[in-house]
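Please work from the sequences and hints to get the whole structure.
Protein chains: 4
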Amino acid sequence: MTTVGVLGATGAVGQRFVQLLAGHETFELSVVTASPDSAGETYRDAANWGLDTPVPESIAELPVQPTTPAAIPDDTALLFSALPSDVGAEVEPALCEAGFVVSSNASNERRAGDVPLVVPEVNADHLGLIDVQRDARGWDGALVKNPNCSTITMVPTLAALTEFGLDRVHVATLQAVSGAGYSGVTSMEILDNVVPHIGGEERKMETESRKLLGEFTGAEVQHHDAVVSASCNRVPTLDGHLENVFVETSDHPAPADVAAAFEDAPTLDLPSAPDPLIETFTAPERPQPRLDRMRGDGMAIAAGGIQTTDTGIQYNCLAHNTIRGAAGASILNGELLAREGWV
Amino acid sequence: MTTVGVLGATGAVGQRFVQLLAGHETFELSVVTASPDSAGETYRDAANWGLDTPVPESIAELPVQPTTPAAIPDDTALLFSALPSDVGAEVEPALCEAGFVVSSNASNERRAGDVPLVVPEVNADHLGLIDVQRDARGWDGALVKNPNCSTITMVPTLAALTEFGLDRVHVATLQAVSGAGYSGVTSMEILDNVVPHIGGEERKMETESRKLLGEFTGAEVQHHDAVVSASCNRVPTLDGHLENVFVETSDHPAPADVAAAFEDAPTLDLPSAPDPLIETFTAPERPQPRLDRMRGDGMAIAAGGIQTTDTGIQYNCLAHNTIRGAAGASILNGELLAREGWV
Amino acid sequence: MTTVGVLGATGAVGQRFVQLLAGHETFELSVVTASPDSAGETYRDAANWGLDTPVPESIAELPVQPTTPAAIPDDTALLFSALPSDVGAEVEPALCEAGFVVSSNASNERRAGDVPLVVPEVNADHLGLIDVQRDARGWDGALVKNPNCSTITMVPTLAALTEFGLDRVHVATLQAVSGAGYSGVTSMEILDNVVPHIGGEERKMETESRKLLGEFTGAEVQHHDAVVSASCNRVPTLDGHLENVFVETSDHPAPADVAAAFEDAPTLDLPSAPDPLIETFTAPERPQPRLDRMRGDGMAIAAGGIQTTDTGIQYNCLAHNTIRGAAGASILNGELLAREGWV
Amino acid sequence: MTTVGVLGATGAVGQRFVQLLAGHETFELSVVTASPDSAGETYRDAANWGLDTPVPESIAELPVQPTTPAAIPDDTALLFSALPSDVGAEVEPALCEAGFVVSSNASNERRAGDVPLVVPEVNADHLGLIDVQRDARGWDGALVKNPNCSTITMVPTLAALTEFGLDRVHVATLQAVSGAGYSGVTSMEILDNVVPHIGGEERKMETESRKLLGEFTGAEVQHHDAVVSASCNRVPTLDGHLENVFVETSDHPAPADVAAAFEDAPTLDLPSAPDPLIETFTAPERPQPRLDRMRGDGMAIAAGGIQTTDTGIQYNCLAHNTIRGAAGASILNGELLAREGWV
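Chains as they are written, first to last, in the UniProt record's numbering: chain S, 1 to 343; chain A, 1 to 343; chain D, 1 to 343; chain X, 1 to 343.
None of these hints come from the bench; they were simulated from the model.
Predicted model only: the values in this text are computed from it and were never measured.
Careful: at least some of the hints might be erroneous.
[Unchecked claim] Distance windows between CB atoms, simulated:
#1 X:54 with A:199: 32 to 40 Å
#2 A:275 with S:307: 48 to 56 Å
#3 X:113 with D:284: 53 to 61 Å
#4 S:73 with D:254: 42 to 50 Å
#5 D:254 with X:40: 54 to 62 Å
#6 S:267 with D:53: 18 to 26 Å
[What the hints assert, rightly or not] Not the full set, but computed from the structure, chain A residues with beta-carbon under 7 Å of chain S:
#7 165
#8 167
#9 170
#10 172
#11 210
#12 214
#13 246
#14 314
[As the list claims (entries may be wrong)] Sample of chain X residues with no beta-carbon within 10 Å of chain D, all distances over it, derived:
#15 26
#16 59
#17 60
#18 76
#19 77
#20 214
#21 224
#22 263
#23 268
#24 284
#25 285
Glycine included, every Cβ here is placed at the ideal spot set by N, Cα and C.
Take a look at the structure:
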């Protein structure tokens, strides 16, 4: 078993990390950190546990540590970061400097030229940037990022469509409240309502998508040149981001070609990797967040509503935003790091 | 006062007609019809009233009539139709044949070449098609339609953008449950969920928009040539359709130019016409359904989130789907018909 | 394995039966019935599957049968009924007459003097009524009922309190929409709303509770004499009925005594029986439907908020209404019937 | 016009005060206060306005004042307090000391023996306590309170039932999220959920009800001796508290007697007083929050579901929690203070 830790383990995403790691087949969670206020408490007391399964007994009595290099045992092979981006920006480099490998969900440094932004089924080879990173920064550790939840929902489908020549993307998202953290969206904001704006989200989708679909030359990632325009909305669902995607393509594939491309998307032999990667529905009203977010234990992308337009295609895609879109994404990156020998 | 009637007055849209007409300054509601089962009951008993204002006392005791030409007094100058489209297809032509002028929200015949599809602030001149219709069909009456609720939310903004050269539209909708009628969406379908499909809605938006923006030659309407691609979603809100619109334009207007175009959209001097037609917000998180659907007494279009893209612009728009998008739309058409001398 | 069937397998409760039976350790589901319209279709096609796990593959291709004695193989040892009560009233007696043992969730005949109404942990001995029933009706089969979902949520806690002398019960329920079936509650009725009335529910709670807590003399069940008054509300939750209970007792137990009584409630060694039967929370804001409805795989009762009053105690209880409150209840009765040798 | 101010005008309840006072027939709102951070900003900028009507133009440009005696013009005849209770406890006595009359919605001092807790239609005579208060505290001003939103929903109905001999009350509440303020309930807490606990609420209902129904002797209020037991729940509705009430009475009135008592409840000739005070429904599924919270412009109590029990009666009642239950309650108290000559 590989010994791992979770940074920022008491928040909404942190809790999801703990839930997913509790029964993990190759990782053993032995360190949980939080803000200094909670340090010293048991995890059970420090976390205001909000998931619909009980706090894992194997973790409940762990003492919460402060999020500092000194507080983390040297033999912790891999750290998962559920930190807010401002805290991540401060602490993650210090941890990498101290020799830790960090698989992070925090948004800081996702755009940095020497930080791999990875979805294993899409661009596993970008991990090669770690060598560039270590050279540039003089680290023994490493920092690897997964993209934003709304990006990760769409990118595996775009990757499957590159064979048709990906020219231009318009996307509208319908995002669940859990993506904003436990207190991010108040009930008065969202009951009987929709909020057509999520700060920074549209730019993340536009830039992260192009980096993920880019080509790693050995020295840098050349971003894909398809332009992405996004409109992001918060809707009154708990979990599961649904996205309406319009893609202009060079070729003119039929819906069946698109479905076949989705079904043929590559899968990986890693503990958290779903098979198939993309579950494709023919009933036009599917996928739906409540019914389909747990496909592949929350790690699959669900797709449907495939239609042709005069300039390409349109379809819908869906993923569980705190599993495939956050904690599960970092864990899958951790599994890839382990298999590739980086930890 | 002009004597008017409402066909299909007991359903969700029918109730909205009754609510809006109860205190109307120039129309007096004197006839309400429903399915034969309810005929003879008082309106109060026949309608399972579901709005949050009481049944108007002036209407409550009206006897419900069957929806047939014989049951409607000859001196009823104008009929509003809240009928389901299959019933509308059967009954509306018979009523027009019998000499009644019908302002209809039902979707039947919206695409017919000799049926005016009208949003008064956008294409009032299309009423000229009534002469073509009367010639072709030998009617003394007339049939005028308003578009679908999701179309009407977007079209006034598109009309304001034609000055920039309207080439291509992608739109994603987030539609309220009241658009499907009182029993159209079950609670189990929509709580904690989104349904990314509304039967027929996408095609309606694509075709109706082009007819509304088209040019009336005196003999026919030449449809606008901008292609519209739509993705329609049902979300857990009660009233108010929000839409994310991406428009490719020939010119490259700045956001301020777009806002100015929206603010300058023409208004009409009719009892139900809002002023301004388009309320434009600068806060990016507005408009929102719960907060903004009642702008202009539910008749205004709210817009916001204006941004430029490489090929044009993107923005959000919102309208109350059962007022501006249905009952209010028909009533406004009726007011236009009255002012132009058709009733 | 015992061969079993589900009557009315395509509705909301029927689907829950299928889901729970798909991996059952002693029951093998081999027959599914529905209304004549669906007969002949595969289960996958006939059911508009609405649960968040996929249709079980082992059931998906079963042909749907009509709900008649002739259509059910003689070697089906046990039938579970998810029928609406009017259909149940017609078909269940015919099936019992034909020799089948029916464990039914339908509300017909729950009050009949010779029909056992059973919650295994509460009144397993009431199964003895089957002998009375067979004598009276000349059946080879048998009809056993579980109570209504709102009753079953409360009765195990009341049973645990009988030691303190149960005099009077006031209860208010907050019931999930799934209790009304897939189309029972429209979205317009319940979004941003509460409906303080569920037809017949209050009387069911009042009479079923007293029968369940009654004493079986060998010839009949003498109802418990505690009066129960109930107010039933529908709230916008998907699953899980929460109830506020006020109990007047002869003794004056402290909250700790009540908690101990709940924790000591008897459990059974049956495949679907939870252990503990009643999970008791000390945090006053628990249990909550979303977080706690799946305790004990949806078969446990959750309780909390225990306080003393001047005349007794008050507390809250919660159960999953379509598992412990419907399909799971019937299955547990079936497991008891099997263990006791009735099938 | 009487010049008035609102303390704590930018919060959820403060905004409701501003909305209701904007067009008030006898009060002119000229002072708005908030926390020191906002002082100096215009009201439009300081308030993150969250109601579905626009910020009143007459108030929007008022400069926000700090909540201190010095900042409030001496000629402000009446202050309404929407302060949090801890701030109220600090500031309200200082303002009364400085000579201001304060009609407060804050919960501090509601139980104090010399502070009138008033619902005008129920116990207007308790205002006489102001003399006791001035004697005891040496104030020129005065402090008057309205009860908690959940108390005020029920007490007018209890007052109407005293003629039948009020012995014992059990009540369960289903309370809207707006009662907790704009950020009081997160979306993750309440979507698809119910929270069966609201800190301190149950005790407030139990003690405030007895004070309101008590008798003012000229020197003190003797509390009513009926015991009240309450269970309080938060449900996913925006506005409107619904309550299930079970009352044990000395007499045994029929439902029609109860309805008559509700309909005969006294009304007052004050600008915000509804007529009737209690709207009584015969359809058992009414009242409902979404449909009936705006009865009497949000100031009426709606009641229904009246049934007899073996020991008395049960029924449901409903009120708009931020109008009749908060801002409107304080304003009505202010109107009573003005009519009685206290301001």
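Given residue 170 (chain A) as an interface hint, is its Cβ closer than 7 Å to any Cβ of chain S?
Since the shortest Cβ distance to chain S is 5 Å, the answer is holds.
Since residue 60 (chain X) was said not to touch the interface, does its Cβ keep a gap of more than 10 Å from each Cβ of chain D?
holds (28 Å)
Determine whether the non-interface label on residue 284 (chain X) survives the test: each CB of chain D must be over 10 Å from its CB.
It is violated; residue 284 (chain X) is separated from chain D by about 5 Å at its closest Cβ, not greater than 10 Å.
Per the hint of 48 to 56 Å, is the separation of the Cβ atoms of residue 275 (chain A) and residue 307 (chain S) within bounds?
Given a distance of about 39 Å, which is not inside 48 to 56 Å, the answer is violated.
Is the gap between the beta carbons of residue 73 (chain S) and residue 254 (chain D) within 42 to 50 Å?
For residue 254 (chain D) against residue 73 (chain S), whose Cβ atoms are near 45 Å apart, the range 42 to 50 Å holds.
Minimum C-beta separation from residue 268 (chain X) to chain D exceeding 10 Å: can you confirm that?
For residue 268 (chain X), whose nearest Cβ neighbour in chain D is about 28 Å away, the distance exceeds 10 Å, so it holds.
Against chain D, does residue 76 (chain X) keep a CB gap of more than 10 Å to every residue?
At roughly 37 Å from the nearest Cβ of chain D, residue 76 (chain X) sits farther out than 10 Å, so the non-interface label holds.
Per the CB criterion, is residue 214 (chain A) less than 7 Å away from chain S?
violated (18 Å)
Just want to verify: residue 285 (chain X) was marked as not at the interface with chain D; is every Cβ pair farther apart than 10 Å?
violated (4 Å)
Please check whether residue 165 (chain A) passes as an interface residue: C-beta within 7 Å of a C-beta belonging to chain S.
For residue 165 (chain A), the interface hint is violated, since the closest Cβ of chain S sits about 17 Å away, which is over 7 Å.
Per the stated criterion, does the least C-beta distance between residue 263 (chain X) and chain D lie above 10 Å, as a non-interface residue requires?
holds (19 Å)
Classify the label on residue 224 (chain X) as holds or violated, using whether its beta-carbon is more than 10 Å from each beta-carbon of chain D.
The claim holds: residue 224 (chain X) sits with its nearest Cβ about 15 Å from chain D, beyond 10 Å.
Violated hints, in rising order: 2, 3, 7, 8, 11, 12, 24, 25; the structure is consistent with all others.
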